[in-house]
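Trainee: Chain by chain, the residues run as shown.
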Amino acid sequence: MEVLREKVEEEEEAEREEAAERAEWVRMEKMMRPVEVRKEETTLKQETLRDLEKKLSEIQITVSAELPAFTKDTIDISKLPVSYKTNTPKEEHLLQVADNFSRQYSHLCPDRVPLFLHPLNECEVPKFVSTTLRPTLMPYPELYNWDSCAQFVSDFLTMVPLPDPLKPPSHMYSSTTVLKYQKGNCFDFSTLLCSMLIGSGYDAYCVNGYGSLDLCHMDLTREVCPLTVKPKETIKEEEKVLPKKYTIKPPRDLCSRFEQEQEVKKQQEIRAQEQKRLREEEERLMEAEKAKPDALHGLRVHSWVLVLSGKREVPENFFIDPFTGHSYSTQDEHFLGIESLWNHKNYWINMQDCWNCCKDLIFDLGDPVRWEYMLLGTDKSQLSLTEEDDSGINDEDDVENLGKEDEDKSFDMPHSWVEQIEISPEGTNILEIKEWYQNREDMLELKHMNKTTDLKTDYFKPGHPQALRVHSYKSMQPEMDRVIEFYETARVDGLIKREETPRTMTEYYQGRPDFLSYRHANFGPRVKKFTLSSAESNPRPIVKITERFFRNPAKPAEEDVAERVFLVAEERIQLRYHCREDHITASKREFLRRTEVDNKGNKIIMTPDMCISFEVEPMEHTKKLLYQYEAMMHLKREEKLSRHQVWESELEVLEILKLREEEEAAHTLTISIYDTKRNEKSKEYREAMERVMHEEHLRQVETQLDYLAPFLAQLPPGEKLTRWQAVRLKDECLSDFKQRLINKANLIQARFEKETQELQKKQQWYQENQVTLTPEDEDLYLSYCSQAMFRIRILEQRLNRHKELAPLKYLALEEKLYKDPRLGELQKIFA
Amino acid sequence: MNRLYNSMEPRVMDDDMLKLAVGDQGPQEEAGQLAKQEGILFKDVLSLQLDFRNILRIDNLWQFENLRKLQLNNNIIEKIEGLENLTHLVWLDLSFNNIETIEGLDTLVNLEDLSLFNNRISKIDSLDTLVKLQVLSLGNNRIDNMMNIIYLRRFKCLRTLSLSGNPISEAEDYKMFICAYLADLVYLDFRRIDDHTKELAEAKHQYSIDELKHRENLMQARLEEEQAQREELEKHKTAFVEHLNGSFLFDSMYAEDSEGNKLSYLPGVSELLETYKDKFVIICVNIFEYGLKQQEKRKTELDTFSECVHEAIQENQEQGKRKIARFEEKHLSSLSAIREESELPNIEKMILECSADISELFDALMMLEMQLVEQLELFVDKDTIVNAVGASHDIHLLKIDNREDELVTRINSWCTRLVDKIHKDEIMRNRRRVKEINQYIDHMQSELDNLECGDILD
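Protein chains in written order, with this note's numbering: chain A, 26 to 856; chain B, 524 to 981.
Here chain B stands alone, though its shape is the one from the complex (with noise of 0.2 Å):
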């Protein structure tokens, strides 16, 4: 039974209240100490229990970014808002509430099971971005037209649903509507589905399911065509000849230019017009081709430029790999020596000696470094790239000049772009290895002071 809001006061989400919730259901016992002392961050928490306590509305959640589990179950909430941050959510209870409609979802991508048991439902609708769907509890609620039992067709994982306490509950045919339509379910109402009692719902329903299926299939070939038709249109504005293997450009050129439109209607011209327009097509297909062509071979150019350039970054690494391990087995073997010292000025000695092999590795890191960068310098080479476009622009110099124009400019800013993107791939790659580097020599350096502060201590 849905409960009156102003029989208790609302509460508000607030920080507090939150804290509060994120305490009580952390850690416990020594890790809760811990968890105490440091306090926990929102971000990290993974699972989040709000039950019973008059919420009315649900807000101040964005910060749990991470939050895989949430119940806001036996609260008044009415409308479903405020859970659009959390992405990562796969469990989602909100039974017990004044909801209306469902909505508010649809970024909740990673959802699987989702209670919206004992709300004021009426409608199944706006779950469509939910396709990892898997438990769905919509029981005592107001759902009363059984066609709607269709929209879950689309929830391929869907194996739980329980839908009892809906108005479409008490009809005659209930159960064995649903079952047909939703041969997948596995559960329904928390009972599992026989095979006989699907067998005969199966028999039952079978010609309006065949249409069903029938035109779903026909929805989904058109969907598949669309998108294939989409990718090509892609694959050819990659290639910057989109719309140019028909007739496309030529009636596009004579949509605007009326003074032609008026010539076709002089006796002769309109055959003329014909010819020319053949020709104009089958020229137009022959760029189109030769742009198909040509981006072929910008990609075996790029690629192979991308594998030159990975195999010498991964030589690089491996040759660093190699000078860190070594360097690890001498630290390791000179951090254990002094350890073992008594003499202070040996140890202070050897420490010496350690620093001066960490900053010798420091330098040969750093020299690999700056080798590489020095030789990846000016290594793009455009010319290769520009030679493609080059080419290609004679045939097109015959051509309508705007048209030519648009090809060669776009041409040349995807090389820039692509030249750019490139070099500062390598520069953002540069600084993250430096820093890496320094990382790691600073903590050595560390290590290696507080062994010396202990050793003092001692």
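Bound conformation, chain A alone (with noise of 0.2 Å):
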């Protein structure tokens, strides 16, 4: 780690030297620095980084003992799926199709290296490349985009070298196992960031290549320092005022130009001295950082990822350096060279010429001359066909896809063998909790905790009956510190906002027609009353009020009081006036209300020195003892009057943090009119509703029973009656009506009868056992008595109801049927 102490010395000594070319406004040849990607960078000015400087000289870092070893050894296999120690059969067969396209490869092309396909796992088992992409989306929304998938890749895990520079790896590990030991090969990297970028929908690729020298060591030293780069400042839309016709002459510039000159000429006299310095000291740097030619160069094998443009509205396509996260454009000269690619679906091998690092490479894998794929039949084949060679390649494409056909056909690439890649938020600790609330009766819609300050704040929806809008508090008790805010037009006194500390308590207006805006009492520490009563309140004594005012437009400014401060313990009443329009002093007024006694015993009533004034426009009558008296007496009941506001400002809060308690105990809801299965008042108005509704109803019916429909059956349908017949039809109606009548009364008798002899049976049975009956028997037996006699009363009743209204029933329906219209001819006669 001693290596990585080194580098941060040198970025910092490459910051040293940005802010001094800034300074200088030298423009520094950028050919010998690595081309930046993100051109909009500014650098800082010179105190921030000189912030920065002293941040990153207190950044400890601990080397820690263990080698970043990451064999195989270390990794306990033990507990790793089945899919990761064996194969299954479509696995073996996509290893024999890539045994097949290798040999017919190597083939083809004997001065090629051979193709990394197959790597083994940390079971030792060979697993094919692309079958190791596992394409995860990741539950957290903050790592959907690439640039914070990279950058978490990047910061997650820690870079272990290739055993062998200059060869691709033996092993390459699943990236669950990546993850758990949090450290792997430019690969691993690779893999695990390609998996994430496609499963959050990009089209990524990993690239199996060659790259430089810091590339492939991780090495920043020639990078512009992070964090001396600004996020681009947005800049203001200024607004142009227009010039107006007339402007004020500046103010005289009392300055000599002739020293001015020479301050300048000094000036520059040492900045040029500064610069020379400076360069000298940058020639050096430059010399001692100026990249070795490194003997390996173009033949470091290193792993990064490809992301190509159209899908997630990417425009162009690009690379990321999986180590560092940083992207770089496909033409970037880290970037010496690809060997091949793959993504979950399918493997490449690239056909073109890499002489020219990756400058001239063209990623349209569906173009079979530059790109051979292994398997067919994936979607991938966009091939982007040019008017020209349409007919050539398709002849080639066609020869190609013959020869494969055979063994390929309908072959795609079995699913993966890694396990669910997951990352698990780990060391989170609760800073605040957030709850939100409905229909809540008292209004309360968020409570916000925050675990750290430990501040609890509500907020609440207007409608509270004390206008409450935000309540945070620690504690519940009385004069801690809380702020109370409240919807204010709710409010009677206009109070906006009320905060509290243990001493002190102020209150915020608006609206108000005396125009008070600001009330602020300070209280001195409570006095410890003797008193037997220890119930009587006991409120500590105010030393201070000061009360502000707005501009009453009614008064003239030197009348209208801005601020007054009553000093309660020193008996001092301080007032500041506003300022008029065109002046810039205000008037101010101090009254010490000591009453004194003079050396005869006469008590002073006003002296001019108890009241100490600064007048703008000094008036003849605000001179006189007579009004500064009565202004002091004036001040004297307001004095009161404030303090009695402050009293009741606190019995108000008491109020409302019991108010507060006592909704919180019964948290009952609100619930709305229309709601009709909760709302109780609503809900028995429905069914008494209903209750009546049924009632009618019933009637209707039986207003429409028809007692003629059973007589009129038997009569032909559709002929108007005869007199005769309709004499027949009401006697015969009425004689039936007549024989229910006598029928249910008949029933009601023999119940009634059945009932008593029962009883009497029963009483029988009693007296003759009566002395053999347990207890028990003999209470069934009485309450058996009492049901019967209650069965026989209410029969009886009925009987008798029925007695008397069956007569009433009966003459009913006779006037009944000689209304109906169908027995018209009845009416005749009696009309």
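Be aware that a few hints might be false.
[Unchecked claim] Under 7 Å between C-beta atoms, here's a sample of chain A residues computed to sit facing chain B: (1) His608; (2) Thr610; (3) Leu650; (4) Tyr654.
Rather than coming from a laboratory, the hints here were simulated on the basis of the structure.
Since this is a predicted model, take the numbers as computed values, not measurements.
We put the beta carbon where it would ideally sit given N, CA and C, even for glycine.
Using the hints, put the two standalone chains together into the complex.
Mentor: So this is what it looks like as structure tokens:
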């Protein structure tokens, strides 16, 4: 880790130099520096740099004792799932296909390095590289975009260099293992990143290629320190003030030109020297920093991620170096060549020449001349055909396809053997809790608890009985820190906010007829009272009350008080008036309320020194003692009122706290009048309505009941009744009804008699067996008796009632029949 | 009943009487003692009661400039006079006197409550300027003409009227008539007028009232028209082109030209004259419109100018205010430090520091002010305004010399006046500011001196 420390120092030096550069406005040749992708970066000012330097020097780099060894010995493979330890038949088949492909390839291109197709995994099982990719969409919105994913991978994993920098590794572990141990080489990095990017919907590929020394070793010495890079400042749209025709002359410049010139000259001299010094130093630094030519340039194997344009609104192809998480253009000179690339579906071999790094490569994976694919039938066939070589390519394509179709037909990549990649957020401690509420009677909407400061804030909707809007507090005890905000329009006194600390209370008002805007009260320590009645409230003594007022346009400014301070303890009242529009000083007045006695023992009412005042425009009457006396008397009354107000505010706070506690304990819900199920009142009303409706309905049914229907049915339908028929019909109907009434009476009578008989029998039985009966039987008997008596009584009542009602009902029916239009013939006679 | 003044010696409203009254009616108890010590200025008095004093003539009241309420009831006053200066008067009681005509109230424009109960007035009159009148008491007088009531229609705020005890109150129709003609009245003879009576009265007198209203509306419309015309003319005058939008100039030209008149009798000349007149009028109208346009330009020019000046002054004021605020903060803390300090030499040192601060503030404020004065000096740019005049001059050259001269001189004099005024205002402002700064510094210094004395005494 010493290396790292050095690097940090080097970075610092780079910064310093950068700052100097800014100061001098010297354009340095950027050619010596790696080409930056972020062109819009601006470097910071010198002060910020110094701050940064300080901060960086404070950073302690802990040197971990363990070596970054990440061999298979350290990996616990016992708990890994089966898919890690064996190959499915499909995978076996795939490996065979790959071997076949590899053989053909080495036959066709004998001078190229063997393909990197199926390295061993942590269980020493060969796995095809594409199946090592496990596309995963992370459940964190922060990891949805490529830059955050790359940043996560680069931050989360520790880089381990390849065992042999000139060859791809023999092993490639699953992303789950890599995540578990938080270590990996460039292939592990890019596999994980690629899995995440594909999962997020990017068209991403793992690349096996060649990188520069810096890239392979994650050497950022020659990068600009990211901390010195400020995000591009949004340029404020300055409102162009129309230059006015008349402008005042700028204040006269009273400095000597000559002196200024001399000063400038001196400054320039100093600067020139400084510059010279800096330049020398820079040159020295540059010399030291210049990259040494790498003997293995172009041979170092590296793996990175390629993101192709098209998906997720990516406008242009670009590379991501998984070590740093930086993005690079595909033209970047760090990337020296590509051997092959793959995603979770297929594997492509680069058939283009990489003599000019990756600058001339065309990433059209559907073009089989440039990219030799391994599996057919994947959806990656976006061949962008140009007109002229249309036919030629097609032919070749066909030939190629013909050869492969036999073995590869309908063969698709087996599912990944890697387990679901999971990143668990660890070490989170709850900082704040937010709870949202609805339908609460106390109008509470949101509770916000900050765990670090222990501050609780309740937000209310309009409609709380105390017009609360926000209540933030640490404890529900009175006279503690708290802020209560109100819906001021709902309050008579226009209070917006009341802030409390143990010793002060501040209130803010708005829209009052007396223009009060602010009242601040300081309390002294509570005086201990030794009274017997402990229940009596003992308010804290008020030391000072400050009140501020808005400007009252109806009053002249010199009579309109802006601020008044009652120093209760000192018996002093200070007034400050509003400032008149064309003035810069405001009137002030101070009253000493001391009542003194002169040497003769007479009470001094008012002396000039009891009122110190400064007046902008002294007026005659205000100088008079009488005026001052009256003003003082008025203020005394006002002071009393203000003290009372403060006291009432304290009481109100107590009340609010009590109310809040009650509300919290009760937590009743409001029920909308439209909520017919829960609203009791409306439910009752609805039920009553239903009952009424039901009864109404029954009555209607009854009225619609047609007595004549059964009798009319006997007659031929559709014919008008003759008088004789009508009379007969009526008589029949009535006699039938009579019969029914009699039947009913009989029925009741029969039941009544039956009950009576049974009761008598029971009584007889009881009298006979009275001696032998157990108490339980006796109880049984008694209860039976009472029930039977009840039944008999009811039956009796019904019978009597029936007897009473039957003639009436009979008459009613008779009348009804008379009025029935179908029996109109009857009426003719009677009419 | 009116008392006869010869039954008792009439008294004169002299200084002594007034002083006595003011003393009696002034503040009481502690405040009264103070008032006695200092004496009360008549102009501070807000309310005065002078009843049952057998006053014959109102006099010596001119000093009571701020008087709001004056009671002169139950005297033997015969003529309303000597009240001209009491322009703030709201409440005037002249009941139970021997006044015969209403007069001398024209300047009391703020009067809301006037009582002339039990006098010898026979006609309601001379109250035109009392537009705020709400309560008018004219009971027990000699008003006998019912039509006199119509005079009261002009008081839009009048709500209470008492007329009982007048000859007209015996008329059968008295109440109905008043209710009908004074629809906004709420109380008549100390009784509330109920809605029913109002409706009845309205129905009864509807025809004549409608006619009256129609007449009043016509009058109102005529007045408004006149007003509008006057305003229009005023506007033209400020543009210096009044009477140029017609043949007025032409007519006036020929009115004095007897030769020209004679010429017109020649054959053919009258037609020529006619066309000449037409052309002349067209040119006049052109000038007129041009003048109005120029007036607009001048106005915007002036507005931008004053806006700029205002901005400059405002900024300067803000700076001054900030300086003072900063000074006060420091001053307060150093004052309290001085109070707490017990070592005399230390105190002296601190006081010295304080005075140094004060003089520094003075310097700073004065410098600000001087800066502003310098900035505003020579700042008034006459050119633009003069340019505007010059431009119109070209056209005017074609016109009749007389009129043109008048126009140009007027514009020029307006311009000089304006520039003078701006300068004068600026000087006034400067004086005021310097005075203010000096006052403030003096106050601070004296406060410090007082503290010094106090400390030394301690």
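Trainee: For every hint, state whether the structure bears it out.
Mentor: Each hint tested on the structure:
no.: 1; hint: His608; in the structure: holds (6 Å)
no.: 2; hint: Thr610; in the structure: holds (5 Å)
no.: 3; hint: Leu650; in the structure: holds (5 Å)
no.: 4; hint: Tyr654; in the structure: holds (5 Å)
In this structure, every one of the numbered hints holds.
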